[in-house]
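Read off the chains here:
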Amino acid sequence: MRHRAVLIATIAFTLGLSPVFLASAAGVPQASQAQGSSQARDLSGVWFTQGKVRANFAFEGGAPFLPWGEERVKAGPQKEALVVLCIPPGVPRVWTEPYPFEIISLPGRVLIIYEYQHLIRQIYTDGREHPKDLTPTYMGNSIGKWEGNTLVVDTTGFNDKTWIDGSRHPHSDALHVVERIQRVSHETLQVDITIDDPKTYVKSWTAQRIFDLKPDWEISEQICEENNTYLFPPDNSK
Amino acid sequence: MSLILVSHPVLAHHGFAAFQMDQVSTIKGTVVDYELINPHVQIFLKVEQEGGKAVDWNVEGVSLNMMVRAGFKRDSLKAGDTVSVTGHPGKNGKPVLLLMKIMLADGRVLSAPYE
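First to last, the protein sequences are chains A and B. All the letters of the first sequence, read from the start, carry residue numbers 1 to 238 under our numbering. All the letters of the second sequence, read from the start, carry residue numbers 1 to 115 under our numbering.
Derived from the structure by calculation, the hints contain no laboratory data. Don't be surprised by glycine CBs; every beta carbon is placed ideally from N, CA and C. You may find that some hints are simply not true.
Claimed, not checked - Label-pair ranges, simulated between beta-carbon atoms:
| no. | chain 1 | residue 1 | chain 2 | residue 2 | range |
| --- | --- | --- | --- | --- | --- |
| 1 | A | 130 | B | 73 | 43 to 53 Å |
| 2 | A | 135 | B | 115 | 37 to 47 Å |
| 3 | B | 56 | A | 225 | 41 to 51 Å |
| 4 | B | 23 | A | 135 | 23 to 33 Å |
| 5 | A | 126 | B | 92 | 35 to 45 Å |
| 6 | B | 22 | A | 221 | 32 to 42 Å |
| 7 | A | 120 | B | 111 | 30 to 40 Å |
| 8 | A | 67 | B | 28 | 36 to 46 Å |
Unchecked claim - Pairs of lysine-lysine, DSS-like flavour, derived with a Cα cap of 25 Å:
| no. | chain 1 | residue 1 | chain 2 | residue 2 |
| --- | --- | --- | --- | --- |
| 9 | B | 46 | B | 101 |
| 10 | B | 101 | A | 214 |
| 11 | B | 101 | A | 52 |
Taking the hints into account, I'd like the entire structure generated from these sequences.
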């Protein structure tokens with residue numbers, strides 16, 4: 001057996017094949033690619049935006065409004081009012097906030113603690129589906145499934161009281177968000193977001209955010225209610 | 001803890017949209033007050049103009065948590081300190097600045113945690 005493994009390794013090395021091939025060919029048990037490795041699936045850590053903080057991602061290759069979307073822009077909630085009143089930012093806007101977040105993996109769940117408003121998202125990874133007849137909420141209902149080393153988070157059940165981002169891009173209660181979260185290196189987290197709202201936009205589109213690991217940071221207290229010490233300007237469009 | 005001698009911050013809650021992010025100004029003045037608060041850290045400066053007239057400036061940082069991560073502490077500034085601040089001027093024409101970096105009275109330089 002050992003001789004066979006050495007022989008295969010020698011051939012593989014000559015051919016430039018990967019260690020995964022080596023292990024498989026030599027009969028060593030190997031986790032399948034679909035299952036991923038526990039290390040690569042470990043998203044845990046405190047993360048913060050890489051590079052400039054960008055509040056707007058609604059139209060990174062985004063979609064034009066349907067008529068309902070046009071109306072919503074005119075009649076929707078004031079985005080500054082949402083911030084000052086400490087209304088949760090919703091998903092996907094939560095990824096644009098200039099605060100770190102921490103991911104914690106538990107059996108059957110992944111928790112994301114966003115420093116902003118100390119929001120906690122529970123992403124169930126135990127195989128359940130979304131409950132039927134969800135009561136609409138600001139942050140929606142999230143379930144996660146692993147595709148290889150990517151956690152695919154499906155979120156639905158939103159109310160229509162938030163904006164998609166910091167630039168008054170609206171959404172309806174039909175919003176459906178899919179976030180593909182993967183640790184592309186030990187220090188780097190990539191989140192690819194698909195935004196689909198068939199009531200508001202003519203088609204779905206994707207946006208991406210990259211986050212850096214902050215090994216020395218801890219999630220701190222953040223009391224949003226202190227924002228109320230600020231008055232609204234008469235014209236929030238400025 | 002210093003008394004709040006100055007009036008309410010001149011800027012309401014906002015993002016970077018209130019500032020000219022493509023412009024950079026530097027001012028040197030005397031600290032009147034420093035508030036390590038949410039949602040945005042505030043520094044109030046008195047800046048002497050030519051001819052002896054002083055103008056009250058409002059320098060704004062980002063959130064308390066992020067400014068602390070960038071090295072700002074409760075005692076980093078105190079009334080009477082002479083400091084130099086570089087930042088983005090406001091769009092409203094008022095004497096306001098979004099902090100990019102500050103040289104403290106002891107010569108140390110602290111920078112904003114992000115832009």
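Hint compliance check: list the failing hint numbers for this structure, sorted ascending. Hints 3, 4, 5, 8 not satisfied by this model.
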